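Residue numbers (numbering that gives the first Met the number 0), protein chains in the order written: chain A, 0 to 338; chain B, 0 to 366.
Keep in mind the hints are simulated off the structure, nothing from the lab. Treat the numbers as computed from the prediction; the structure is a model and nothing was measured. Accuracy of the hints is not assured; some may be wrong.
Which residues of chain B face chain A? A few of them, derived with a C-beta cut under 10 Å, are [as the list claims (entries may be wrong)]:
no. : residue
1   : I211
2   : Y305
3   : L309
What the simulated footprint calls covered on chain A by chain B, stretch by stretch (three residues with Cβ under 8 Å from a Cβ of chain B suffice, anywhere in the stretch; the number is not a length) [unchecked claim]:
no. : region
4   : 89-102
5   : 111-119
6   : 167-176
7   : 202-210
With a straight-line cut-off of 25 Å between C-alpha atoms, the simulated DSS-like cross-links for lysine-lysine are [stated by the list, open to error]:
no. : chain 1 : residue 1 : chain 2 : residue 2
8   : B       : K245      : A       : K114
9   : B       : K247      : B       : K277
10  : A       : K125      : B       : K143
11  : A       : K157      : A       : K183
12  : A       : K157      : B       : K130
13  : B       : K333      : B       : K277
14  : A       : K115      : B       : K187
15  : B       : K333      : A       : K182
16  : B       : K130      : A       : K183
17  : A       : K125      : A       : K158
18  : A       : K158      : B       : K154
19  : A       : K182      : B       : K261
20  : A       : K115      : B       : K186
21  : A       : K125      : A       : K183
22  : A       : K101      : B       : K209
23  : A       : K101      : A       : K207
24  : A       : K182      : A       : K157
25  : A       : K324      : A       : K158
26  : B       : K143      : A       : K157
27  : A       : K183      : B       : K261
28  : A       : K216      : A       : K183
29  : B       : K154      : A       : K114
30  : B       : K130      : A       : K182
31  : B       : K236      : A       : K207
32  : A       : K182      : B       : K245
33  : A       : K101      : B       : K187
34  : A       : K279      : A       : K301
35  : A       : K158      : B       : K143
36  : A       : K115      : B       : K154
37  : B       : K245      : B       : K261
38  : B       : K236      : B       : K261
39  : B       : K209      : A       : K216
40  : A       : K207      : B       : K209
Glycine included, C-beta positions come from ideal geometry on N, C-alpha and C.
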Amino acid sequence: MAATGMYNQAIGGFQSNSHINKINHQHKFNNFVSLVTKDFINSYCLSRRDCSVIQSLASQTSVTDTVSSPLRSKTRDSDTHKKSNESALILIRHGESLWNEKNLFTGCVDVPLSKKGIDEAIEAGKRISSIPVDLIFTSALIRAQMTAMLAMTQHRRKKVPIIMHNESKQAREWSQVFSEDTKKQSIPVIAAWQLNERMYGELQGLNKQETADRYGKEQVHEWRRSYDTPPPNGESLEMCAERAVAYFRDQIEPQLLCGKNVMISAHGNSLRSIIMYLDKLTSQEVISLELSTGIPMLYIFKEGRFIRRGSPIGPTEAGVYAYTKRLALYRQRLDDMFH
Amino acid sequence: MMMVASIFKYQPMGLHGWGIHDAFALAPRSCTNFEMFFSMRFASCNTRHHKLHGLHASISHASVFHPTSLSLSHHLSSKKLLSTQLAILKITCIPEWCSAISGCSDFVCFIAEAESTLILIRHGESLWNEKNLFTGCCDVPLTKRGVEEAIEAGKRISYIPVDIIFTSVLIRAQMTAMLAMTQHHQKKVPIIIHNESEQATTWTQVYSEKTIEQSIPVVTAWQLNERMYGELQGLNKQETAERYGKEKVHEWRRSFDIPPPKGESLEMCSQRAVAYFKDFIEPQLKSGKHVMIAAHGNSLRSIIMYLDRLTSQEVTNLELSTGIPLLYIFKEGKFISRGSPVGPTEAGVYAYTQSLAVYRQELDENV
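Please build the complete structure, drawing on both the sequences and the hints.
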């Protein structure tokens, strides 16, 4: 059994019969140890480990970075690496915004959620309440950020999302955290404009009806549904995909590679673009792809590949909860912690 | 209509992004600052009115591009002011509004009674409040309870006009504002203004005047952030007391001018918060805009210290409830505290001022 095999590896490093140790994450134990640095962001690699024994171990090790990539860990213990190199990727599309309600083209205009959008975010949160999250990426728009924060109020692990501020030196200094314990109990949230909704140019703020009147139905349909035709002063889906996928590959995928469980809270078009990359869709296929709002999508990243696992079941849906053994064990641990 | 559209295209970028909602045209009689009036950059929408049903007395941007504006002096009498304002309104405003204005005799009395509302909301429980950790400027979101508090606060202010919102840059204050506004009876849409880069400004542009008119700009400012708690940020209150000693910690938390290590004292926080209020928020109130500020315990206390002219002793004892909005009326340059708007389950005759009562009546009728 992959799971128990990993347990033994992990537990070998320290002795404890503590209840928590028995139900362990099987992640790269070696990577875990090596990534103990004083750096604020890096310390989040550790945040998945919940037991206090591991925390004390972490503080004893020196600041080294001997194993920083999956390849290197392979030489140390290839079995461990293979079995543990699995991370969860959750994609959430935000729910109804106040302009959706009014049927206006929104694009990058920073419009908040409606009451319905708020409920959708909370429902989405319930669906992912037992899936581990180490790191959150959102767009720079409030509706995606609110969706992430509202969803996380439902999470059972009770770690605290903290939004990272990098806009200026003052912002960085002012938002510094001075407790290691607290950092370990935190989930960094990174806001990136590259995950923003497709920018709709001169259609932003326009009523869908009046736009059809102004430009003609076919033209509007073309802008909305084609792959590479942008509205005036706006982005085509292709342009949106370019910056969203580039960001994903540069900033998000490395995190998955090092074993972090990631959640992305974003928008219809930026998420379609990412899914196009994950599922290797053609431009034709991506145009017809519609993402439900408020229904999170789960991918497992394993051995460099993305495996689509559909949507975590809602709290009222019957079904055996098990996406992978690792996730099932994580959930079990949460159950044990809180019951 | 075409003129308005072309003016819109050329509006300068700046503090308010797509330049929405600076001073409203119909300044109170006591206002002699013409410059303020003409520094507006785009259509402002002030829904405060007595009998002008549905009139969104907006004027389109007039300043830089309008021929008459530059020649006006500061010393016009208020009568002349009015007629000039009306003239400009007629030239530049959207046609369907012009007829409403010219036909209305109540226009004048409307100006005479200018007053604006100021709502202060302190955000509710955050995830670190729950864990009893010092938060300061760490950007920690609301708990479920904090979300509910925001919605409750929103119900209390659902009948009070809001033209512009100011928040800090921290998510707990922004969420509080957005959640509260989902409860508002007036169906305008808050839109957060982005000015962090040129791209941010261009990408967030809105291309429909009608939509802009139905929007409430939300301005985010670090100066409204919570007091920065330096090396205490993230620390457990218990362990801090153990590390530094109870009295020391008490002193940092409750004194006026002693900052925690690498942090701000309440005095330092007040300095930047009140300066921001005077420079950016008060002018809005002076021009008749109704303002809501969603911020934090210390930044709001600082502002209240200014509004109520409290001493440093009094302000250190001031505790603001979370989720219970505070209402001030700004009239003739003075701030009048009006306590907290009644909650939905609280009995009471709703009437803070006549204009607020009339506003509420209109909302009821429109729905």
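Quick rundown of the hints versus the structure:
1. I211: It holds, given that the least Cβ distance between B/I211 and chain A is near 7 Å, below 10 Å.
2. Y305: Nearest chain A Cβ about 22 Å off; hint violated.
3. L309: 26 Å, violated
4. 89-102: Holds: 3 residues of the region 89-102 of chain A have a Cβ under 8 Å from chain B.
5. 111-119: Three-residue rule met by the region 111-119 of chain A, so holds; n is 5.
6. 167-176: Since 6 is at least three, the answer is holds.
7. 202-210: holds (count 6)
8. B/K245 x A/K114: Violated, at about 44 Å.
9. B/K247 x B/K277: Given that 25 Å is the threshold and the Cα spacing comes to 33 Å, the pair is violated.
10. A/K125 x B/K143: 13 Å, holds
11. A/K157 x A/K183: Satisfied, since the Cα-Cα distance of roughly 12 Å is no more than 25 Å.
12. A/K157 x B/K130: 10 Å, holds
13. B/K333 x B/K277: Satisfied, since the Cα-Cα distance of roughly 13 Å is no more than 25 Å.
14. A/K115 x B/K187: Holds: A/K115 and B/K187 sit about 16 Å apart, inside 25 Å.
15. B/K333 x A/K182: Not OK: B/K333 and A/K182 at ~45 Å, beyond 25 Å, violated.
16. B/K130 x A/K183: 14 Å, holds
17. A/K125 x A/K158: 15 Å, holds
18. A/K158 x B/K154: Roughly 30 Å between the alpha carbons, so the hint for A/K158 and B/K154 is violated.
19. A/K182 x B/K261: Status holds; Cα separation ~19 Å.
20. A/K115 x B/K186: 15 Å, holds
21. A/K125 x A/K183: 23 Å, holds
22. A/K101 x B/K209: 12 Å, holds
23. A/K101 x A/K207: Measuring from Cα to Cα gives roughly 9 Å; hence the hint holds.
24. A/K182 x A/K157: Roughly 13 Å between the alpha carbons, so the hint for A/K182 and A/K157 holds.
25. A/K324 x A/K158: Given that 25 Å is the threshold and the Cα spacing comes to 22 Å, the pair holds.
26. B/K143 x A/K157: 12 Å, holds
27. A/K183 x B/K261: The hint holds at about 22 Å.
28. A/K216 x A/K183: 53 Å, violated
29. B/K154 x A/K114: Measuring from Cα to Cα gives roughly 13 Å; hence the hint holds.
30. B/K130 x A/K182: Answer holds: B/K130 to A/K182 is near 13 Å, not above 25 Å.
31. B/K236 x A/K207: 53 Å, violated
32. A/K182 x B/K245: 24 Å, holds
33. A/K101 x B/K187: 11 Å, holds
34. A/K279 x A/K301: Holds, at about 16 Å.
35. A/K158 x B/K143: 14 Å, holds
36. A/K115 x B/K154: Status holds; Cα separation ~16 Å.
37. B/K245 x B/K261: 19 Å, holds
38. B/K236 x B/K261: Roughly 17 Å between the alpha carbons, so the hint for B/K236 and B/K261 holds.
39. B/K209 x A/K216: 21 Å, holds
40. A/K207 x B/K209: Holds, because 13 Å separates the two Cα atoms, which is no more than 25 Å.
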